[in-house]
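Let the hints inform the model, and build the full structure from the sequences given.
2 protein chains.
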Amino acid sequence: MSFTYEFERPSLTVDCVVFGVDESTLKILLIERGIEPFAGQWALPGGFVRMHEDLESAALRELSEETGVTKLYLEQLYTFGAAERDPRGRVVTIAYYALVRLADHRVRAATDARDAAWYAIDDLPPLAFDHRKIVDVARERLRGKVRYKPIGFELLPHKFTLTELQKLYEIVLERALDKRNFRKKILGMELLVALDEVEAGVSHRAARLYKFDTRRYKRLVRQGFNFEI
Amino acid sequence: MSFTYEFERPSLTVDCVVFGVDESTLKILLIERGIEPFAGQWALPGGFVRMHEDLESAALRELSEETGVTKLYLEQLYTFGAAERDPRGRVVTIAYYALVRLADHRVRAATDARDAAWYAIDDLPPLAFDHRKIVDVARERLRGKVRYKPIGFELLPHKFTLTELQKLYEIVLERALDKRNFRKKILGMELLVALDEVEAGVSHRAARLYKFDTRRYKRLVRQGFNFEI
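Top line first, the protein sequences correspond to chains C and U. Just add 2 to wherever you are in the first sequence, counting from 1, and you've got the working numbering. Just add 2 to wherever you are in the second sequence, counting from 1, and you've got the working numbering.
No wet-lab data here; the hints were simulated from the structure. Please note that a few of the clues may not be correct.
Stated by the list, open to error - Below are the DSS-like pairs computed for lysine-lysine, each with C-alpha atoms no more than 27 Å apart in a straight line: (1) C:LYS186 <-> U:LYS186; (2) C:LYS220 <-> C:LYS169; (3) U:LYS147 <-> C:LYS135; (4) C:LYS151 <-> U:LYS187.
Written out as structure tokens, the structure is:
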């Protein structure tokens with residue numbers, strides 16, 4: 003079947019907002035652009051979609067090429083296509099986002115990226131294009147997502163203390179939580195299994211370890227349970 | 003600034019899933035394609051994004067051209083870009099969705115559409131491309147949206163009975179709701195103002211009329227209140 007397209011067509015890119023958590027901070031993976039436009043400025047990792055490549059594959063490829071980061075679960079965020087968003091001409095970008103443990107990913111810049119680094123979300127440099135706006139939308143989505151899915155299932159070690167889980171929630175939600183309320187709510191979901199073990203390396207008042215009840219976790223997510231804290 | 007693009011680039015379209023409610027049914031606005039591929043088959047209204055046109059403008063333009071439907075609030079749904087989704091070659095589509103009152107919109111086919119019509123969601127004809135999948139994603143999103151935003155604010159007349167509101171919820175959620183539970187929950191949100199009026203044209207046991215408390219509605223939506231029923 004032949005296909006004629008009468009119009010000049012927009013270019014298509016993908017961009018990735020990768021959130022990383024360490025012990026205390028929410029960070030974002032940025033690259034320093036090695037090419038024009040905005041050479042020398044920081045931006046989200048991303049690039050042009052190839053002709054025979056699925057969108058998510060393009061996002062994973064660009065992320066891997068520019069930052070060395072691989073093996074993560076990307077979700078589509080939003081497509082940004084304002085007519086004037088790119089000085090090169092019409093470029094529509096499909097943004098993806100992910101939340102990972104910083105410790106699990108080694109960063110190494112290459113191809114179009116002169117450098118790659120994690121930046122604390124509250125201390126971002128000026129970003130190229132409309133990438134600041136994309137970051138803000140991703141941040142909002144990340145916060146909203148806790149309603150559908152408890153945080154931590156993919157991010158915490160297999161066994162963890164309630165303090166570790168609360169800390170993770172506080173980092174991702176970017177606000178302090180009341181300890182008693184948090185414990186009441188999270189235990190009320192019956193999502194956690196209390197283990198007959200306490201944290202290692204603490205001799206006095208070591209905290210109990212918990213793990214996620216995988217089956218119940220999956221069932222609740224399927225049911226659209228509201229996990230709000 | 004000059005811009006060289008080394009690759010052949012995908013084409014970009016927009017598609018619209020417009021849900022319409024009447025007194026009893028959830029429907030979707032479809033067009034019968036007048037051109038190849040899939041000429042004579044039903045599909046979502048949509049088409050190619052022009053070079054200097056924002057994405058939402060493109061969606062509104064295509065909708066208006068193909069179906070005559072205008073003045074509605076579209077939200078971006080998802081971008082579908084599987085490499086093999088279109089027999090014409092690589093076409094990435096940005097899908098939008100909306101929920102309207104059927105009675106507010108007159109449908110009239112034109113341009114690439116040979117016909118345009120509302121189809122009950124449970125009685126859709128086979129659809130062109132991957133449009134059935136797009137409809138399913140939109141349906142899921144519509145159901146999920148009730149968490150963020152009560153249904154009806156834009157869809158009901160200014161004054162309505164609780165029975166009318168419940169009916170609207172049942173149509174959109176596609177399930178029956180228990181009358182007592184529904185009333186308890188919806189009144190518990192303190193979203194509605196009871197008026198000193200009853201429905202017209204009913205002499206015996208006429209039901210009380212309500213309206214939305216606009217200010218409280220907006221505040222709760224801003225706060226991310228959970229409106230689940």
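Comparing the hints with the structure gives:
1. C:LYS186 <-> U:LYS186: 25 Å, holds
2. C:LYS220 <-> C:LYS169: With a Cα-Cα distance of about 23 Å, the restraint between LYS220 (chain C) and LYS169 (chain C) holds, given a limit of 27 Å.
3. U:LYS147 <-> C:LYS135: OK: LYS147 (chain U) and LYS135 (chain C) at ~23 Å, within 27 Å.
4. C:LYS151 <-> U:LYS187: 23 Å, holds
In this structure, every one of the numbered hints holds.
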